[in-house]
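**Student:** In the numbering used here, each number is its position in the sequence shown, counted from 1, plus 102.
Since the hints were derived computationally from the structure, they do not count as laboratory data. Warning: the hint list may mix true and false statements.
[Unchecked claim] What follows is a list of derived Cβ distance ranges for each label pair:
1. Pro498 x Gly259: 31 to 39 Å
2. Ala456 x Gln385: 37 to 45 Å
3. Gly191 x Pro501: 20 to 28 Å
4. Arg372 x Thr258: 17 to 25 Å
Every value quoted in this text rests on a predicted model; they were computed, and no experiment measured them. C-beta atoms are modelled at their ideal positions from N, C-alpha and C, and glycine is treated no differently.
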Amino acid sequence: MPLREECLWEKLTPQRPENAALTGEVTVDVCIIGAGFTGLSAAVHLLEQGKRVAVVEAHRAGHGGSGRNVGLVNAGMWIPPDDIEAGFGEAVGSQLNRMLGAAPALVFSLVDKYDIDCQLRREGTLHMAHNARGEADLRSREEQWKRRGAPVELLTGQACADATGTDKIAAALLDRRAGTLNPMAYASGLAKAAKDHGAQMFDHSPVTRLERQGQRWSVQTAEGSVLAEQVVVASNAYTEGDWTELRRNFFPGYYYQVASVPLDDEAARRILPGGQGSWDTRQVLSSIRRDKDGRLLLGSLGNGNRKPTWFLKAWADRVQQHYFPYLKSVEWECTWTGCIAFTPDHLMRLFEPAPGLVAVTGYNGRGVTTGTVVGKAFADYLCHGDAKALPIPFAPMQPLVGVGLRSCLYEAGFSLYHAGQCLRIVI
Numbered sequence: 103m104p105l106r107e108e109c110l111w112e113k114l115t116p117q118r119p120e121n122a123a124l125t126g127e128v129t130v131d132v133c134i135i136g137a138g139f140t141g142l143s144a145a146v147h148l149l150e151q152g153k154r155v156a157v158v159e160a161h162r163a164g165h166g167g168s169g170r171n172v173g174l175v176n177a178g179m180w181i182p183p184d185d186i187e188a189g190f191g192e193a194v195g196s197q198l199n200r201m202l203g204a205a206p207a208l209v210f211s212l213v214d215k216y217d218i219d220c221q222l223r224r225e226g227t228l229h230m231a232h233n234a235r236g237e238a239d240l241r242s243r244e245e246q247w248k249r250r251g252a253p254v255e256l257l258t259g260q261a262c263a264d265a266t267g268t269d270k271i272a273a274a275l276l277d278r279r280a281g282t283l284n285p286m287a288y289a290s291g292l293a294k295a296a297k298d299h300g301a302q303m304f305d306h307s308p309v310t311r312l313e314r315q316g317q318r319w320s321v322q323t324a325e326g327s328v329l330a331e332q333v334v335v336a337s338n339a340y341t342e343g344d345w346t347e348l349r350r351n352f353f354p355g356y357y358y359q360v361a362s363v364p365l366d367d368e369a370a371r372r373i374l375p376g377g378q379g380s381w382d383t384r385q386v387l388s389s390i391r392r393d394k395d396g397r398l399l400l401g402s403l404g405n406g407n408r409k410p411t412w413f414l415k416a417w418a419d420r421v422q423q424h425y426f427p428y429l430k431s432v433e434w435e436c437t438w439t440g441c442i443a444f445t446p447d448h449l450m451r452l453f454e455p456a457p458g459l460v461a462v463t464g465y466n467g468r469g470v471t472t473g474t475v476v477g478k479a480f481a482d483y484l485c486h487g488d489a490k491a492l493p494i495p496f497a498p499m500q501p502l503v504g505v506g507l508r509s510c511l512y513e514a515g516f517s518l519y520h521a522g523q524c525l526r527i528v529i
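The whole structure should be built from the sequences, with the hints applied where relevant.
**Tutor:** This is how it looks when you write it as structure tokens:
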């Protein structure tokens, strides 16, 4: 079977909303640029508070990193909670830890409230230690989160093997706050909820200009414009054009995934039998999960669009054979890649470059939950003007130096590591 370049989540979400492009002039209270998790969460929470909302998207809802996500509904950020408090200071860091610790519950509540069919599972996630150093890191994370009252547990021995389906992992941190979903279906469900509650949704409408006109902002596209008192820039890693400085405040990285055909034999059911999604502690990590039809999904950092399909299949075979050698030969069905907005310290940034204009970047791969939280926080802030609604304070825009070079160096390192995996030099 040839490996198709196709996003599995799009294939599994046939009822994606389709909206016309923006034409003419529209006037609303808030214009949102970008129909991903952040923009759509902001839209539904603004609408709940009585605001008139327009959402302008360059492609379709969920097109970018949101729909190409792994679909892990994680609590917290990639870095441990103590490091977050060290980076932001104790007061701000502890607030961010609280808000992101509760982020999966916010996602679950939106799925329930708007009856979103996104194959949601609430059994948690597993962070898997690939060596002794990784196990030490997980023990530290367990202690840090337990100190904050989180329901996490480090699994070892037979309990770990049973939960992960592999004997190549000595320990795994089970986070019971978390879960998994189909990210494209989640984004599509939020988009439908926003439209059903009165949002004006415009697809295929990339922004060409953003400027202040008197007391309002003008968000301009090729065929139309939106006049709004407030604007949310929620395009993150998929920001296009020169109408904003946001692109200079992160450097783009990539994450590819490879999905098998549905696996329904007894051996395949040994993999993550509790339904959790997982990822390992390697510096160039591998993510592992299954979907509702039993497919095995593997992913890693790097741009799969720049790799031949035989390379991606060889990589997937290597990871599968290392962790799950008891499987029969696996047929790989499709592959896709998403873009991530990275920051050097792995911490996100919120911006308010002018009154009534807010933006965010730097989720560093935690878009499902972080985007949902930030979208709600922006909505609350724009409605009430209270900065306490935000997870972190606004920061000044400070363009990074050598954005292109950083991206190239990261990609070169990822590709070299994956080549080593394919050649069985490393795993």
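**Student:** Now tell me if each hint is right for this structure.
**Tutor:** How the hints compare with the structure:
1. Pro498 x Gly259: 31 to 39 Å: violated, 50 Å
2. Ala456 x Gln385: 37 to 45 Å: This hint holds: roughly 39 Å between Cβ atoms.
3. Gly191 x Pro501: 20 to 28 Å: With a Cβ separation near 24 Å, Gly191 and Pro501 satisfy 20 to 28 Å, so the hint holds.
4. Arg372 x Thr258: 17 to 25 Å: Given a distance of about 18 Å, which is inside 17 to 25 Å, the answer is holds.
Going through the hint list in order, the structure does not satisfy hint 1, though it satisfies all others.
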